[in-house]
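Start from the sequences, fold in the hints, and give me the full structure.
So the protein sequences, as listed, match chains X, D and B.
Take 1 as the starting number for the first sequence in the numbering used here and just add one per residue.
Take 1 as the starting number for the second sequence in the numbering used here and just add one per residue.
Take 1 as the starting number for the third sequence in the numbering used here and just add one per residue.
It should be emphasised that the hints constitute simulated quantities derived from the structure, not laboratory data.
All C-beta atoms, glycine included, are put in the ideal place defined by N, C-alpha and C.
Errors might be hidden in some of the hints.
[To be verified] Restraint-style ranges between C-beta atoms, simulated for each label pair:
{"#": "1", "chain 1": "D", "residue 1": "G714", "chain 2": "B", "residue 2": "T152", "range": "27 to 37 Å"}
{"#": "2", "chain 1": "D", "residue 1": "E502", "chain 2": "B", "residue 2": "D154", "range": "47 to 57 Å"}
{"#": "3", "chain 1": "D", "residue 1": "S329", "chain 2": "B", "residue 2": "N137", "range": "45 to 55 Å"}
{"#": "4", "chain 1": "D", "residue 1": "E502", "chain 2": "X", "residue 2": "E43", "range": "49 to 59 Å"}
{"#": "5", "chain 1": "B", "residue 1": "N137", "chain 2": "X", "residue 2": "P36", "range": "40 to 50 Å"}
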Amino acid sequence: MHRYLRFPFMLASFLVAVACHAATEQTLTTEDDLGPQVQQPIEFPHYRHAGNRNPVDPTNSDPTKGGMEINCQYCHTYARRSLTAGIPPLQKCVGCHQNIPTVRDKPRIVELFKYWDAKKAIPWKKVHDLPDFVRFNHERHIKRFIEQQGRPVQEVCGYCHGQVKEMVTARRQKPITMGWCVSCHMKEHVVVAKGAIPEGGTPIGKQDYWYTFQKPAETRNAEGELTAKGPNDCWLCHK
Amino acid sequence: MIDSESTKNLSGQAFDRRDFLKVLGFGGTAVALSGCGNTSIEDGKETVVSYVEAKDYVIPGVAVYFNSTCAQCDAGCSITGKIREGRVLKLEGNPESSINRGKLCGLGQASVQHHYNPDRVREPLLRNGDKGQAISWEKAYELINEKLQGAKGEEVAFITGDVSGHQKVLLTNYIDSLGSKNHFVYEAVAPAVVRAGNLKSYGVEMPRYRIDKAKVVLSFGADFLGTWISPVHFAQQYAAFRKGVDGQRGVLIQAESKMTLTGANADRWLAVRPGTEGILALGIINALGIATGDVAELVKDYDRARVSRDTGVEPSNIDKIAAILRLRSPSLILAGSAAEGYVHGMQNADAINLLNHVLGNVGKTIEAPVSVPFPQLTQTKGNTASLKKLNDDLAAGKYKVLFNIATNPVYTAPASYKYGDSMAKAGFKVAFAHYLDETALQADLVLPLDSEMEDWGTHVPEYLADTAQINIQQPLMERLHANTRGMGDILLTLVKQRKPEEYKAFDDYYGYLRYAMLQNKAALGGSGDDDVFWNDTLSKGIVKLSGASGALSAKAAVEGLKLPQPEEADKQYPLRLIPSVTSNLRDGRHTNQPWIQESPDPLTTIVWDSWVEVHPKKALELGIVEGDIVKVTSKTGSVNVQVYVFPGIHPEAVSIPMGRGHEAMGRYAKGYGVNPFGIMDAVFEGSTGELAMHETRVNIAKTGQRVIVVKDEGPAGGKQMGRRVALSRSTDQVDLSKEV
Amino acid sequence: MSVTNLLNNWAAVRHFHPIDDKPHDPYKWAMAIDLDACIGCNACAVACYAENNLPVVGREKFQHGQAMHWMRIERYWNEDSREFPDQGAEFLPMMCQQCEAAPCETVCPVGATNHTQDGLNSQIYNRCIGSRYCSANCPYKVRYFNWYDYPTTDNVWPAEMNYQLNPDVTVRGKGVMEKCTFCVQRLRAAEVTAKGEGRIVREGEVQTACQQSCPTNAISFGNLVDPESRVYKQWKAQQVDLAKDEQEKDKREGGTDLRGYRIFEDLRPYPSVMYLERVRESAV
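Structure below.
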């Protein structure tokens with residue numbers, strides 16, 4: 001493109017983008033947006049590990065085989081300690097499965113032990129892939145919702161990862177786009193469990209300052225608990 | 001930090017033993033590109049690589065830190081490496097070290113680029129005509145053994161840089177086992193004359209300098225902030241010195257012919273006629289008027305008028321310096337390159353050191369050194385005289401086998417040595433090398449070395465600060481290239497060829513090192529369980545010892561001190577060449593690290609190239625301006641180089657920095673700039689035989705070409721928007737007492 | 001800060017000066033650089049290359065003024081026509097001053113550079129369209145533009161050299177502007193940790209890469225809101241007020257014996273970096 005045309009072009013595309021943005025803003029919800037089914041080296045059955053134990057539970061995808069209700073964090077142990085959730089080491093799988101002789105000859109487990117005997121890492125494919133300039137912080141979200149507010153682990157992980165406990169290999173269920181992230185951050189959330197700010201803690205209530213450019217008024221929900229919007233600082237994720 | 005299991009297993013062959021040092025795939029914690037356009041989310045395309053087994057403290061996305069030792073120069077700073085997913089990302093100083101106290105210079109920071117350098121040698125190479133042919137290590141060792149069978153002990157020579165610690169022990173044992181006595185310790189830039197001068201003046205080679213205790217520092221060309229001995233340590237002392245003893249800000253006076261980084265920070269910088277520093281020192285003693293006895297006798301002829309005429313320093317400045325030295329005590333006088341560079345270098349050093357005696361600084365700001373109680377581990381003291389000797393021997397055809405261990409004399413020897421030709425006379429030349437540098441290219445066998453971030457070792461720096469310490473070097477990550485080896489491992493294999501019985505217990509250098517350290521556990525201040533002690537040592541990275549202190553001699557050495565009169569300018573070669581040592585490039589061994597190349601020279605702000613500094617007055621006289629390509633000619637040779645008009649140089653001198661002008665080594669070094677060693681005359685210091693680097697005389701002539709100097713300095717003469725932004729004021733306008 | 005928000009509140013954004021409403025709670029990151037301690041050694045600049053994935057552009061591009069050094073050491077001579085610079089040189093580390101009312105922010109057509117609550121001037125690479133208005137409007141000239149796609153340029157990060165890249169910092173592609181971030185990746189990590197523990201970041205808990213490497217401790221960095229921080233104490237002792245475009249001490253008759261100053265203060269960018277003047281001994 002001719003260099004002098006470049007700027008008007010950019011400006012035009014920008015305006016179009018703004019217009020589209022304004023039009024779609026109201027539709028940002030947590031609606032499901034199913035991602036592609038990803039072929040994994042081993043077809044890891046999440047529902048067997050994390051699914052509900054009760055076979056008559058209607059949410060259980062396979063009523064003949066109940067899940068083990070294993071806490072997500074038992075295997076995904078890095079998520080609460082790091083920005084990245086990471087993938088559990090192979091050691092973790094083998095740690096249990098070497099003591100479960102009943103399924104030892106099942107094809108998936110045979111495959112698993114092949115990797116283990118070769119001391120080779122399993123080349124899992126990434127299911128929830130963010131652009132490289134985004135740094136989502138797992139640790140912070142787990143701290144806030146699970147540790148501070150005491151919400152159930154599967155519910156909290158499910159906000160973004162969907163109903164993994166009903167899946168075989170994981171599949172993306174939510175859009176995981178910036179607008180989708182922000183749609184949650186713009187909601188009023190209870191600040192901490194039971195409405196109390198810890199002694200000497202950060203005044204979390206002020207974190208929505210940049211939504212309006214005005215000093216936020218203290219907001220409380222119907223139960224009288226202090227609420228606030230999530231942080232809205234670009235530099236939290238993009239840096 | 002390290003548990004015993006992981007370290008114990010390190011001597012094994014399989015790499016998965018140390019999973020956490022293993023490079024994890026980029027997936028998961030991506031190092032990739034941003035930018036507009038790259039916003040697509042490609043679920044299921046990228047592979048995330050996980051650990052097979054992981055230690056509890058290894059968390060993807062969270063850094064692990066390991067302590068080690070920086071090997072970029074001999075100062076021995078302790079470092080802490082930041083390791084993520086098995087890759088070392090960044091180095092910081094280790095706060096526990098009394099040498100660098102948590103700080104690290106730019107050169108040290110850049111050593112990750114040495115480790116990851118794309119131009120490292122990766123396979124043992126055997127000469128095959130003009131090419132190097134990759135061979136196996138077994139074959140390389142066999143070949144060395146075979147060649148040594150045909151050589152007597154005295155026909156084998158070793159040239160190394162400074163070595164210390166257990167590598168030195170192995171090296172010494174290997175040389176002994178061959179029956180050779182020919183170990184040449186060569187450092188192109190080394191304070192050898194200063195050591196000799198100190199020994200004469202203070203009774204020790206390397207006392208501890210206490211800049212932080214001094215109220216006035218008068219330095220004769222000692223670039224202690226940039227390159228001299230232990231610059232990071234001295235920079236910290238300098239910071240304390242500026243904050244002041246008893247609230248009085250320290251005063252720095254620097255006398256030299258070419259402004260160094262230290263000179264640029266002086267309260268008063270004196271441009272001294274090259275080689276007359278000793279005269280200035282004696283002139284100051286004379287002006288002080290407090291000397292007695294034979295010292296008074298010695299300086300009585302050095303009155304202000306004469307000293308001023310000889311050195312070019314104004315009489316009023318000599319008076320001011322004498323006055324402030326009289327008034328503020330203790331002070332500290334330092335002898336640096338000004339002493340080293342001349343035929344009468346020792347005389348200069350003696351005269352300068354004499355000032356310390358006259359002012360009573362010995363014992364106050366010059367303290368007795370501490371030493372590590374294991375003399376076999378202490379650092380060898382490299383110099384340039386050794387290269388002269390080796391070169392003469394080689395030229396006489398005395399050696400059949402030459403081991404060149406991580407030095408590059410083909411590049412750093414003055415051209416008149418014709419070192420390359422001399423080296424060719426040795427029958428079989430083995431080079432231990434990181435890069436295919438000028439010397440490695442002339443070798444018959446090149447052995448690729450591990451980087452300091454892959455290798456084990458111990459180091460004992462020559463200059464120890466508060467306490468004696470042994471620095472530990474340990475791998476910060478898995479070996480990057482499968483076929484490089486640590487220097488210790490190579491030496492161990494070689495020494496096993498000679499003395500298989502003595503060393504059969506050690507599978508590798510790590511095993512040897514661990515054994516050697518544990519043998520001395522009590523002396524190293526350890527007790528209890530071996531594993532606990534060893535792991536503790538590794539996690540600290542430093543073994544601190546209550547080392548013995550030497551004693552200083554209080555008597556001034558005036559005997560035989562006689563300074564020559566400054567010579568008249570040579571008609572054909574009217575200018576002195578000062579090959580300057582810059583803080584980043586040093587002797588040129590780090591030139592292939594791009595951060596170093598792109599880091600502007602602090603004084604000229606020039607990057608990626610060499611230059612010749614010419615004083616504005618001289619430039620005017622010769623009709624040259626910045627960017628003119630001039631031919632700098634000495635008796636030995638000539639180079640064409642761009643001019644930088646620089647006010648911080650004596651008009652009778654020109655200066656070219658060392659470290660550039662490589663003809664080999666790698667993509668970032670080759671072909672940038674010129675090498676001043678190529679035009680250096682072979683003139684030697686009178687009593688030590690060191691190369692007198694400042695004695696080369698040159699002339700400069702325009703070539704008619706002109707280039708744009710690539711530099712960081714703006715065109716506005718240091719102003720932004722027409723305004724000065726860096727402000728300064730004098731001590732009488734400021735109240736420092738209120739500061740935090 | 002969504003685009004809609006920007007457009008709706010443009011007047012407020014344009015004239016907005018955060019200090020008026022005391023938003024810096026609990027953090028305002030600021031710096032103080034003692035020019036008397038700075039020796040011009042370049043350690044900070046190299047540390048910045050290592051921490052922030054700065055590309056080495058090479059000789060030719062450097063000549064074209066395309067160097068990417070977020071932190072540069074400027075060297076000045078005292079120009080008084082003496083034969084020699086007998087008071088040495090003056091060194092000034094220059095990087096983004098994280099202005100409170102940053103001139104770059106108001107000219108960005110897409111809101112890619114804006115102010116964060118903790119007083120930083122953020123640069124969002126994925127939003128940047130490369131108009132370079134910000135750089136043109138920056139009085140300090142500390143913004144650097146990616147004229148090339150450095151990750152795919154020869155010899156910038158050839159094989160293995162890319163292993164050194166910091167995974168916490170985005171590697172910038174062609175066409176985006178970049179600048180010193182006060183090592184925001186370190187700040188955010190510390191802030192998030194502190195938040196999880198229900199406290200604020202303590203003094204000394206977080207260091208910028210330049211500060212950490214500086215052999216003479218010339219750079220101090222910290223939370224200007226925290227009265228315990230060294231930066232707070234230094235700014236206070238030097239009587240430099242973040243919110244003023246001319247300091248009271250400079251209006252005093254006979255001047256001041258304090259050496260703290262900010263560069264181009266009178267242009268009213270309200271920079272967050274205070275420099276301490278270099279001192280020279282008057283007795284010699």
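Status of the hints after comparison with the structure:
Here the CB-CB span from G714 (chain D) to T152 (chain B) is close to 30 Å, well matched to the stated 27 to 37 Å. About 50 Å separates the C-beta atoms of E502 (chain D) and D154 (chain B), a value consistent with the hinted range of 47 to 57 Å. At about 54 Å, the beta-carbon gap between S329 (chain D) and N137 (chain B) stays in the expected band of 45 to 55 Å. A hinted range of 49 to 59 Å for the beta carbons of E502 (chain D) and E43 (chain X) is consistent with their spacing of about 58 Å.
Range check, N137 (chain B) to P36 (chain X): Cβ separation about 44 Å, and the 40 to 50 Å hint holds.
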